[in-house]
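Each chain, written out:
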Amino acid sequence: MKIVVTVKLVPDPNGVKNIDPATKRLVRAGVETVINPYDEYALEAALQLKERIGGDSTVTVFCMSPESLKESLRKALAMGADGAVMLSDAALEGSDVWASAHAMSLALKRIGFDMLVVGGLTDDGSTGAVPGALAEFLGVPCLTNVRKIDVADGKVRVERETDGGYQEVTGALPMLVTTALTIGEPRYPSLKGIMGAKKKPIEMLSVTDIGAGDAVGAAGSKTELLSFAPPPARGAGKIVTPEDPAAGAATILAFLQEKKLV
Amino acid sequence: MNNVIVYVEQKNGTTRKVTFEMLCEARKIADVLGGRAVAVVLGSGAAQVAEQIEGYPIDAIQIVEDPAVEKFLLDPIVHYVELAAKNLGPSLILVPNTLSGRDLAGRLVARLNAGIAADVTEISAANGRVECVSPKLGGALVTHCVLRAGDYGIATIRPGAFTVAPGGSGAQIDRLEASNAAYPLTIERDVEEGSGEMALEEAPVVIAGGRGMGGAEPFTAMLKPLADAFGGAVGASRAAADAGWVSYSLQIGQTGKTVSPPLYIAVGISGAIQHKVGMRASGTIVAINKDASAPIAEFADLTVVGDAFAIVPELTKLVTAAKQ
Chain A
-7 MKIVVTVKLV PDPNGVKNID PATKRLVRAG VETVINPYDE YALEAALQLK
43 ERIGGDSTVT VFCMSPESLK ESLRKALAMG ADGAVMLSDA ALEGSDVWAS
93 AHAMSLALKR IGFDMLVVGG LTDDGSTGAV PGALAEFLGV PCLTNVRKID
143 VADGKVRVER ETDGGYQEVT GALPMLVTTA LTIGEPRYPS LKGIMGAKKK
193 PIEMLSVTDI GAGDAVGAAG SKTELLSFAP PPARGAGKIV TPEDPAAGAA
243 TILAFLQEKK LV
Chain B
-11 MNNVIVYVEQ KNGTTRKVTF EMLCEARKIA DVLGGRAVAV VLGSGAAQVA
39 EQIEGYPIDA IQIVEDPAVE KFLLDPIVHY VELAAKNLGP SLILVPNTLS
89 GRDLAGRLVA RLNAGIAADV TEISAANGRV ECVSPKLGGA LVTHCVLRAG
139 DYGIATIRPG AFTVAPGGSG AQIDRLEASN AAYPLTIERD VEEGSGEMAL
189 EEAPVVIAGG RGMGGAEPFT AMLKPLADAF GGAVGASRAA ADAGWVSYSL
239 QIGQTGKTVS PPLYIAVGIS GAIQHKVGMR ASGTIVAINK DASAPIAEFA
289 DLTVVGDAFA IVPELTKLVT AAKQ
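Chains as they are written, first to last, in the numbering used here: chain A, -7 to 254; chain B, -11 to 312.
What the hints contain is simulated information worked out from the structure, not anything from laboratory work.
Among the hints, a few may not be true.
Cross-link-like lysine to aspartate or glutamate pairs, in silico, EDC-like; alpha carbons within 20 Å at most [unchecked claim]:
no., chain 1, residue 1, chain 2, residue 2
1, B, 124, A, 250
2, A, 230, B, 295
3, A, 140, B, 178
4, A, 147, B, 230
5, B, 245, A, 155
6, A, 140, B, 289
7, B, 124, A, 235
8, B, -1, A, 155
9, B, 305, A, 250
10, B, 124, A, 216
11, A, 147, B, 63
12, A, 230, B, 279
13, A, 140, B, 176
14, A, 251, B, 289
15, A, 230, B, 63
Given only the sequences and the hints, what does the whole structure look like? Please build it.
Rendered as structure tokens:
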């Protein structure tokens, strides 16, 4: 079975987020680039699936990102992915959800897959809409928020989390699944994995390779971004150290009554 | 685009508060664009929900009572909303920013070749264009984005961001025939684990506990009574969810839910960035913490320094009394 995992490279979410006041963009300089933490869960799910199914199953990582961030992808290979494909092109910059999902789908059709595993959310301000759009462009079913996957004879049975519980859902390959965090903690790369990752292939694709034409970047998008700005800062409020708990509670009640919240 | 479609999420004949918020906002935008506001309600229970929303200021309610909506995962819903959109031509589609709303929105992006604005908190319209405001990166940035006049546009709407103003002259109800089609993903079991608790994202008051709670028991024995006194819901920080004290469905923050209630009370939560991004848009933030130098004191409107285990029960008594 050919399993493909999409990952996104993002500024380390545990790092400080700085906004360039001139460009209103996230400053990436000086902040380490990492694999989107949610996507590591997707990769973990894919690796577990490969281990369970065995045979000639493979896990390929797919990433749409500037080529300069290529080395940040090695961690996925160190965790156990067999290879990676990167779609890199300056023309992709500024793509919205429609244009991103469209370009990704063209690359993924070229790569081919039985199961496509996508992380639940991105950590850098995306919308959660890409997986659904991607599945449509690829013409495969879309099973979201999955915490358990079983595959046998091309049939897929999953448990997916809902707002108030869970569902068991069945379908057939090929399909796209997105993972919930409860699918399992991502593994750490082993020393052997890290050494081996250096030799694993990262194939590069361009917009020309996938035949995306003009349907890329800001010009190929369906939305126009007008501005990107920090909101008005939220100042610190009052800090009160009460004499006793009762006084503390009374302080809160008085504050809430003043604001008409009680 | 000049028409506005509202996708009404429903289960067993009940819908969410965000539905009414979207219906009222749809009217305003449709009036500016010079078009119609149409609600789409799908599945068993659709007729029941149509009754609940017909007093709101929309022009028409399309209902399709197709049992496929409960039998197959999302695909029937995508099909019927796409159909409604194609019948109306380039339009703005409002979808709640919920788990299944986000899934639906993504699917529609490709089906309708539509632009999308996610987690929208403000909308304005002019000359067929729709401008949406959305907080990004947990509110660290705010984006203004335009959905173009000639295309379909989708906005996923943040629950609680828009106000409800009922009043309408009774919408026309169009009952459409079910297609009785089959779809690729079958729901074999649908298990409800929640005990009918109020959805965290829609609660007017959120009482959230963190590492300082020290275990599962204070969430039920101490925070829940305070939440009940306010008519609100209990939430938690990642530390509390990771420790297994509460279910992940209660987790607020970067890897959990984003909430923006009028009142947020953080109990024993340090206020690390991971948590802050999930609640910083709340109206008023009150923190109860033993450490005056905790990061939460830097952005809470009121921080009371002290023992939460002593203060919270007192506060519960005071709020209960004040509400009587």
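Hint check results:
{"no.": "1", "hint": "124(B) <-> 250(A)", "verdict": "violated (31 Å)"}
{"no.": "2", "hint": "230(A) <-> 295(B)", "verdict": "holds (18 Å)"}
{"no.": "3", "hint": "140(A) <-> 178(B)", "verdict": "holds (15 Å)"}
{"no.": "4", "hint": "147(A) <-> 230(B)", "verdict": "violated (33 Å)"}
{"no.": "5", "hint": "245(B) <-> 155(A)", "verdict": "holds (11 Å)"}
{"no.": "6", "hint": "140(A) <-> 289(B)", "verdict": "violated (42 Å)"}
{"no.": "7", "hint": "124(B) <-> 235(A)", "verdict": "violated (40 Å)"}
{"no.": "8", "hint": "-1(B) <-> 155(A)", "verdict": "holds (11 Å)"}
{"no.": "9", "hint": "305(B) <-> 250(A)", "verdict": "holds (18 Å)"}
{"no.": "10", "hint": "124(B) <-> 216(A)", "verdict": "holds (16 Å)"}
{"no.": "11", "hint": "147(A) <-> 63(B)", "verdict": "holds (18 Å)"}
{"no.": "12", "hint": "230(A) <-> 279(B)", "verdict": "holds (14 Å)"}
{"no.": "13", "hint": "140(A) <-> 176(B)", "verdict": "holds (14 Å)"}
{"no.": "14", "hint": "251(A) <-> 289(B)", "verdict": "holds (11 Å)"}
{"no.": "15", "hint": "230(A) <-> 63(B)", "verdict": "violated (51 Å)"}
When the structure is compared with the earlier hints, violations turn up for hints 1, 4, 6, 7, 15 and for no others.
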